[in-house]
Every structure is written in structure tokens, then in C-alpha cells.
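Engineer: Following the hints, position chain B against chain A.
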Amino acid sequence: MPFACIFVPDFPAEALVRAEPELRSQALAVLEGKPPLQKVFALNEKARRAGIELGMSKLQVEACIQVLLRSRCPLQEAAAHAALLDCAQSFSPRVEDTAGDTLLLDLAGLESLFGPLPKIARDVARRASDLGIEASVAVAWDPNTAVLAARGFSGVTVIPEGEEADRLGGLPLDVLFAVFSAPAQKNDAERFLETLERWGVRNLRSLAALPEIAISERLGQEGVRLQQMARGRTSRTLVPFDAPLIFEEAVELEHPLVLLEPLAFLLQQMLDQLCTRLSARALAMQELRLQLALDSGCHATEDFIHAQPREEGPKTSAHATLFTRTLRLPVAMLDAKVFLKLLQLDLKAHPPGAPIMKIYLSAEPAQPRHSQNGLFLPASPVPEKLELTLARISRIVGENRVGSLELLDTHRPEAFHIQHFAPSESQVLKDSAFLTSADKTNVRKKRLVAPFSNSQGEPQKPYPEINQQSGTVTALRIFRPPLRATVALRDGMPGHIDCSRRKEVQGEINWLAGPWRSSGDWWEQEGWARDEWDIALPAEGGIALYRLVRDLLSGNWFVEGTYD
Amino acid sequence: MSSALLCADLALDNPFVFVPQEKPDLLRKRLPNLSKLAGVTLGSRLEIRGAPEIVLSGIPEIDMLSDGLPRGCLTEICGPVSSGRTSVLLAVIAAATRRQEICALVDTSDAFDPQSATSAGVDFKRLLWVRCCAPNSYVRTRNTNREDSSSHANNASLKAAALASENSRNERSESSVEQALRVTDLLLQSGGFGLVVIDLADVPFKTARRIPLTSWFRFRRAVEHTPTVLLVISQQSCAQTCASLLLGLNGIEKVFSMPAASTSDAPAHAQLLRGLSINAELLRSRLERKPVRSVHASFNTKMSWAG
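Chains as they are written, first to last, in the working numbering: chain A, 25 to 588; chain B, -2 to 304.
Not one of these hints is a red herring.
Below, in silico cross-link-like pairs of lysine-lysine (DSS-like), each with a Cα-Cα straight-line distance of 30 angstroms or less:
hint, chain 1, residue 1, chain 2, residue 2
1, A, K70, A, K58
2, A, K361, A, K409
3, A, K372, B, K122
4, A, K210, A, K70
5, A, K365, A, K409
6, B, K299, B, K251
7, A, K409, A, K372
8, B, K122, A, K409
9, B, K203, A, K527
10, A, K58, A, K210
11, B, K122, A, K365
12, B, K122, B, K299
13, A, K361, B, K122
14, A, K82, A, K70
15, A, K372, A, K361
16, A, K82, A, K63
17, A, K58, A, K82
18, B, K251, A, K527
19, B, K299, A, K527
20, A, K63, A, K210
21, A, K210, A, K82
Non-contacting residues of chain B with respect to chain A, defined by C-beta distances greater than 10 angstroms in every case (computed):
hint, residue
22, K26
23, M61
24, T204
25, I208
26, E221
Treat the hints as calculated values from the structure; they're not laboratory data.
Every residue gets a Cβ at the ideal spot worked out from N, C-alpha and C, and that includes glycine.
Pulled out of the complex, with its shape left as it was, chain A reads as follows:
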């Protein structure tokens, strides 16, 4: 049964490079510890060539001017590890989370799906690279052999069955003991390593050549197990790990950000990573949550009203405040550029108001939407473009002034609210589902007939109506706010009107209809009661009809609108 191992050398440094790709071309050392006792915890190959070693103090490293120093960032390591898991699970459902920098995949049966084993190994490495991680991938018929090969050889390695001992023979003994991570295991590993070095055993081939009984007598069963690993003859059960569907990216900044432009640059990288991870799992994004840890020591502007304390999540400093913005999308999308533009528009409308120290970006995954519409359904706006358009329109006309209407269940005038406009496909499909089969046949017949009716060169006929209304409804145009008016009564009815705000709404009332009395909510504090009159006033082209309202609670007269 073939197994693949993904191993990321210098994982803490690689996690930092993933967030800042420009660091890949430079010597980088990762420091850990409290100042001033910081020591080198990880470093990349270029820093190693520059003479830096693990455990060196910050002062020693600073003597080498070519090396960049960064503090260890557990947030970015967690994000990189999650990305690695996404990469592995995009190929195999059985993945073992062996270590922070090592994953094992069960490749049984995947050859018929993804091709031969070398191709799978190359694809795994390529996908990891797409996620910003340069990893070594090894395929072998034994999990431990795959791990040793991935740790020992860089790039892609495929070890055929039966050649394990030959291929692993040249690896140093350090590779064998590198899998021990617990402190107690490390002590045992150091003891074994010291003993074997005293015996003159330098590589795995030497260890494999030793007599098994002698090893058992001197090193015990652990020694025999190590020798079996060196020979590539162990077998063990994979422990599958079901990674939760959490998609989060985080960046801790060296210097606080003040401008939105560099923030957009960072957001673009994070969104690219998130979209690649979601794409690897064949998922899309339904909700995007941006959290910015702000330096609360600085003065916040008045716009800083959306900051909310975070209840749980990544560690933040005691003086940081979290600024949260959430984008809820009507349909699941996977376009980093659209998300970036939406975030930019949102942040321009709601600036954080203080320097940014950390950036957290999390995505709520969802199944990708089906892009194919019905053959007989009219075209509708592309959801991604529509979201951008709505965000831009909101910037022009203001929030809550664009969207679709929803009427409230009351007779109170102006009882509606505006909700986010989302003409989803499900709505269209739902409506078509409401039609009976006879209706559907009828509609299709009508729609099929219409386009072919211009065969004789006549203008194309319109689509027939599905449900033609019996008559046209007289519309009312609302004056928002209503116009205050002075009304003179004659025989208890309005006879003359004077409206200071509109010169055309004044004069003798030619004709009137009403009153139409209504009231409601009298059981609450916001009760209302009114008399409505429909009045005709002389206008330029003839007459103009208005709706005149008397508020019975205050006794004031208002012109509410005009019939048009």
C-alpha cells in the first residue's frame, strides 16, 4: 500500500516566508524567546550558508548583516499547517497529522484517479507550492520509509517496493532520530545516537547491516525497531486525522500599519491563500470576516465605532483592540479580486481609525454554487459583479439606501425595510418549481413560439405574459418627508390648501374624495390615526391629484404624495 509524506524543512521559517514571499530570496533566521534572551529557533538554507546555526543568540546573529531576523509567529505556523492539511486532504481522505511539519497520506487506490505515483507526488508538491509552501514529498510502500525519505531527500522522491534499504542507506542517522519530538524521546534519541557513533555507525546502511540479535541484546526492542526502519521493513497503521473546516489566515506585523493601501497588499496575499485553500477542498466562500488588532494606545477617530472585543481566538496583546468587519455574501464565491475590492470599499466606508498591528482573516466555507442557469430563464447579473456594483452604489447613495424591499405586516404608512439585494438562482428555480406542469408546458410553448414569429421579416414579437394583470394600478409618488400644509376647511371638508415647500401644491381644491380613516398601534406608544383625502388641484396641463392626510393625533395636515 503506497504512502506519501509531505515534509516542510525549516517549517517556522517557511511559515513566515509564506506570509511574506519576498523573504524567500534572503537569508532568514527565526528567533524565539523573551528579549534579550532570544535564540535562533529556525533558519533557511541561505542563512545556514551564511554561517548561522540553531541556538545562536540574537547578538551573534546580528553580527552577520545579510541575515534578516524575524520573531517566531505561532499564528502563521498554524495557518501554514492548516494549509498543508488542506493540500493533503485535497488528494487523500486518509491523512495522518504526524508532526507540525510532517503529514502522511494514504495513496491506496488513488492511482486510478490521479495517475501513477510519481505524478501524484509531483502534483502534491506543486499544490503545496501554490499554497506558498516549498515541501519535500516522498512516496514509499511503508509509512516510516516515506517519512525518512521526505526528511532525507529534498524535492520529490519515489521509492519502489523492495528498494527501501538501498535508497535509505546513504542517509545520516540524524534523519532517523529527527522524528522524536517529545523531551523524553529526545533524551533516548541522543543516547542511541551517541552509542551508535561510538560504534562507528554513521548512516542507515551501516545500521541495517548490524546483526539483529546483537542489536537486541545491546539496545533492546527500540534498537531493533530503529534497525527495521533503516531497512525499510516496518509496518504500522496510519492514524487518520479529520481536519476541521476552519479557514483562517493571520499576519503579525513588524510595524503598525496606518494606511489602507499597504493593508490591501497584505489582504490580497491572504485572500489568495484562503481561496487556494478553499479551492483545494472544492469549497467556496460564503462569509468573510476581517479582524484587525489595533494599537489602542493611539487616538481613535469617530469612525471607529465598529470595533468589538473579541471573545475568543488568537492571542492579542493587552493593549490591542479588535476591529471586526464581516462580509456576508448572498452566493458562495471564490474570487480573491472581488473579495479584495469588497473589503477595500468596506474599509473606506468604515476606516479602522487606529494603527493596525495584526490581521486575521477567516472564511466561512460553503458548497460552490452551480453556475449553469436554465435554458429558458432570462439572463441575470453575475453575482460577483453584482456584489461589487452594490458596494459601489452604497458608497454613492449611502448605506441602507440600496437593496430590495420587504413590506412589514402592518397598515402603518411607510412600513417597509430594505434588505440586501440577492436575486439568487434558487429563487428563480423556486419560482419555476411553483408552476404546475401544465403551466410550464404553456410557458415553454409561448416562449418557443415568440422567437420564431419574425420569420417573415417583421419585428420580433414580445414574449407573452405569463399572468397578465387585469388593469393598471394608479401609482402614488411619495413625498419623503411629507409636506406640511395649511388647509382651510369648508363645510368640514378641505377647501383651500397652502404648502410653503411646493408652489404647485397650493390653491383652491377643485375636487376631493374621502375621507378614508385609518388607525393602528393604539395599544403601543407609537399609535397613529389619520384621515386621507384625495384632492385635485389645478395644474399646468389640467389637474393634479394629491393625497392629503390629516394626522388625527396632532391635528396637522400633510401632503403625502401625488397620484401619477
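Structural biologist: Frame of chain A; chain B shown alone:
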């Protein structure tokens, strides 16, 4: 070189040279090879744009008048206050939403009445409502309104208040129109809408007239070759030659009413408005390649409570 070709070459340099009409075939073959005419399509080979697809407006009388509303074109409906423009508008939107099309209403004056739209059969799930009214001026107008209520003491102050409110209304209209034009640009660029309506009905004509003609040309170009119906309602025609179809509504012909006492316990003098009779006129149509006579039609509207 034949004499005709020689004459053609000469004519390019000097337009006053007479070109004889002999051997036209040779001349036609030769002309495109001349460097000065490279890229110029012969008039006889220009493609004639096909007749646009027509959709129903939702009012049979209007459809009889104009054959419906053309897709990919700008249609303008103009008329004075209470001439039935908004009733036609709601009927068009309702018809479009019944066709399952996505519609957008750019409401320059924030005058859209949801109750009327519900009665007309508009599906709100498919209607994007953009309320273009500057909030600042909205607040300012409300403040003015409060001040007005306490300043009715004499006619002079009344006239001054009316003048001030008229000015503020004009300013508000200008900023709203500016917003409406920007929003319309975005909507047309976004694409996918079956109907985009710009409601300029409450915008004073002198403000609407200030909309640059280039804006209308841009809108017309944006909807060209798309299935979008771009509809503008206004007091007077402001899109001018950019409108492929211009309908005029001439105001109320007749008001239908009935005594409310016959149907309810209302007082004997009470009346109930039941509907209006509207006169419409086809002012201009570019859809047919023949001069259009002035054609009139009348249709009735009913109030939502008239059943």
C-alpha cells in the same frame, strides 16, 4: 490606368474634380486599395441593424401604440405631474418581474411607493431599489420644514420660506441627479438587468435639461446589443435624440369616483377615488424606418382599493 481611376485619384486630392460614372465596377475594386480610404467601409456594405427585440409594457394600449418597449434601446416617457408616468412605470416593472427578469429602479427623488408597487404586481425579490437622495439635504429639508411650521405669521416670510425651500429642492435635485447618473453607469456596466429605470419625474425640467447629452449617448451605447430595456421617466424629453422611443402622457382625461356611502358606512358626502383615464401619445419612434404620425391612445388606471 483607365480614365475613371485616374479621375478617382485626382478626386481624392481635389474634391471639386468631376468623376465620371463610367466603369463603376473597376472604380469599386480600386477604391479600397487607396491608402487614404484604408479601413473605410463602402456605404453599400454597411450592416443594417436589425429590429430590436420588443417586450410588453404591461399596458395593452401602450403596446398597441408602440409595439412594446425595445430591448437594447433607451425609451423615454414624459409628461406633467399626475399624467400617469409612474403607473406606466410600475406596470412595466411588474411585467418585467413576471418575466423573471432582474430590474433596477434608480429613484432620483426617493418617491417610490411600495404599496402601489405591490398592488401593481411587482416582485420585490427581483427589483433593486436605489434611493438617490442626498441624506444631508434630506436633513436640511426636514429642518426647514420644522422652521416652516413656526413661520406662517405673514405672507412675506411665507414667500421667503417658499423661495428658500425651492432653492434647496433644486440643489437637492441636482445632487440626486448626479448620484442617479453615476448609479446608472454602474448598473449598466454590471449588466444582466432586464430593465433599468431612471425616475426623473420629480426633477425640475431645468435641472434635467442640464444632464449632458454625452451621458445619454453613453447610456444608449452601454445598453446597445444587450437585452436591457433602459427606461427614463421625466417631465419633458431630456434624452432627446438618444431615445429610440418617446412616449408622451398628456395628463388626466377623466377621474372616476363613486360615493363611498353606497359601499360602506361613510358619510353621505364622502367620495371614493376609483381610477383615472390617461391619454398617451407616441411622440417619436426610431424603431421603424418611416415617419411616425402622432398617434394617441387612452387607458384607464384603477386605485389599489378599487378591486
